[in-house]
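So the chains spell out like this:
2 protein chains.
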Amino acid sequence: MMEPQVVECVPNFSEGRDQEVVNQIVQSIRSCGCRVLDVSSDASHNRTVVTFTGTPARVEEAAFQCTKRAAELIDMERHRGEHPRIGATDVIPFVPIRGVTMDECVQMARRVGKRIGEELHIPVYLYAKAATREDRVRLPDIRKGEYEGLKEAIKVDPARAPDYGPLELHPTAGATAVGARPPLIAFNVNLDTPDVRIAKSIARDIRESSGGLPHVQAKGVIIEETGLAQVTMNLLDYQETPISLVYQHIEEEARKRGTNIRDSEIVGMVPLDALLEVVYSRLKLKGFSKHRILDFNI
Amino acid sequence: MMEPQVVECVPNFSEGRDQEVVNQIVQSIRSCGCRVLDVSSDASHNRTVVTFTGTPARVEEAAFQCTKRAAELIDMERHRGEHPRIGATDVIPFVPIRGVTMDECVQMARRVGKRIGEELHIPVYLYAKAATREDRVRLPDIRKGEYEGLKEAIKVDPARAPDYGPLELHPTAGATAVGARPPLIAFNVNLDTPDVRIAKSIARDIRESSGGLPHVQAKGVIIEETGLAQVTMNLLDYQETPISLVYQHIEEEARKRGTNIRDSEIVGMVPLDALLEVVYSRLKLKGFSKHRILDFNI
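Respectively, the protein sequence lines represent chains A and B.
Under the numbering used here, residues 67 to 364 are what the first sequence spells out, in order.
Under the numbering used here, residues 67 to 364 are what the second sequence spells out, in order.
It is worth saying that the hints were derived from the structure and are not from the lab.
Reference listing, derived: stretches of chain B covered by chain A, where coverage requires no fewer than 3 residues with Cβ under 8 Å from a Cβ of chain A:
#1 320–334
#2 341–349
#3 353–359
Please read these numbers as outputs of a predicted model, since none were measured by experiment.
We put the CB at the ideal spot given by N, CA and C, even for glycine.
Chain A with its partners taken away, still in its complex shape:
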């Protein structure tokens, strides 16, 4: 049985309060024949994250159409929100899920980026696996100064010139980052302590930006409902830095600081492979393949 190719796309839009605007953007995605898995709006961030999947061709078309719709509906001149952002459609990552290589997703990002630049006159920065320059791999580097700062910088600083589109921000839609990346896993580990300093200290030890594990973003927070400290993370490449490795590091660091892991949680979607890796690691399981899972053979 030939399984159809599947790409996931997770665009972030700079609107998290006006439900009607969000609905129209989501509708532009559905109209392209894609499946919308999740729509998460956050009022304080004033931001919406849409997760959708489909064949490469449909996902590519939907990514363009939702960017077009967002440019018509969102005005960055009036946008306020906590999350750093550069445009109405702030970022568009393509994620290979089934029967598609990362390189094919990189090609999708380049084609969509080019089209957004040329047809919508929105400057586009290629990022992550699609980045053309080392200093554009990470989103924070692209978002430096945010919408307001980039408005000037794009005109005067050659280092801020976009990969596609004009040398000035779109008057209402700003700019957009388009890229390809592996599936991202939002993974939180709750500690058996109310001391947020311990979570912050562990987060500092394990995150890539302070010399910890590659592809791990982490910070320490306190969870109001439980009164306990949490290490909250994004695992940006679970194949390079698997869940079990991250968990084991936190387990060891927590013990060194006289506490323990109480429990953990995965927020949102997770690829089966990322979970199976935990099984392989825990059981030292060899010679297994997911074709041996009954649920896939019935």
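Based on these hints, arrange chain B on the given structure of chain A.
For chain B alone, kept in the frame of chain A given last:
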């Protein structure tokens, strides 16, 4: 999306050498519209295990038809092999996989058992979750004396009277055990020692029959290819006694005996739930459901 109901059936036939006989039996299953997942013949056991799935109605029909075909093709009077057995179709378990309860599989076992008794004149013993008596839950109790011993016992011992069918063995097909059970997991743990006594001693500690973990069959063996000792197991009810618990026990018992687990393997098929339990246990993962696995949502 309504997912179709799926039942698995794993009949064992007393023929493991004549490929033509095995082919004809397998064909009788396929003809009923079921999907044959695996056919494993063992010459020294002179036995074949067929794994197939389908809707409840198709699986029920296939279970009857393959028993009929095996009765025509296999002569128990001439059967020799290492594995204990009572009939041409030795045992037929029904396993609930999706959208089906254990109770529905028990009802299937009773209907098929009655039909095999009445139409094929083969005595049937209901076992496992379908058992009508405490002393018929376990197959070894039903197989006591095997085909040769049961031939007399069924006539004279009221305790050996079948649930369905005549009070005498079928002249060539013998008797059949029909039942319902959870999916069985064949799980082997390889130790870091060539000393088979350690594997035997751990197996004794963890198997149910000598007072260990419920629903666990275990023995210690030596693997010729590696020269290392192995605890080889059947986990008969992974929901009651999960893989991670069994692994942890072996890990502790191995350490007590001065050795370690080298690796492990799962033979054949395994339900996804049984693997996810290992993830939940290892990560103390809470609030997860398999609907959050990307692969099921694309």
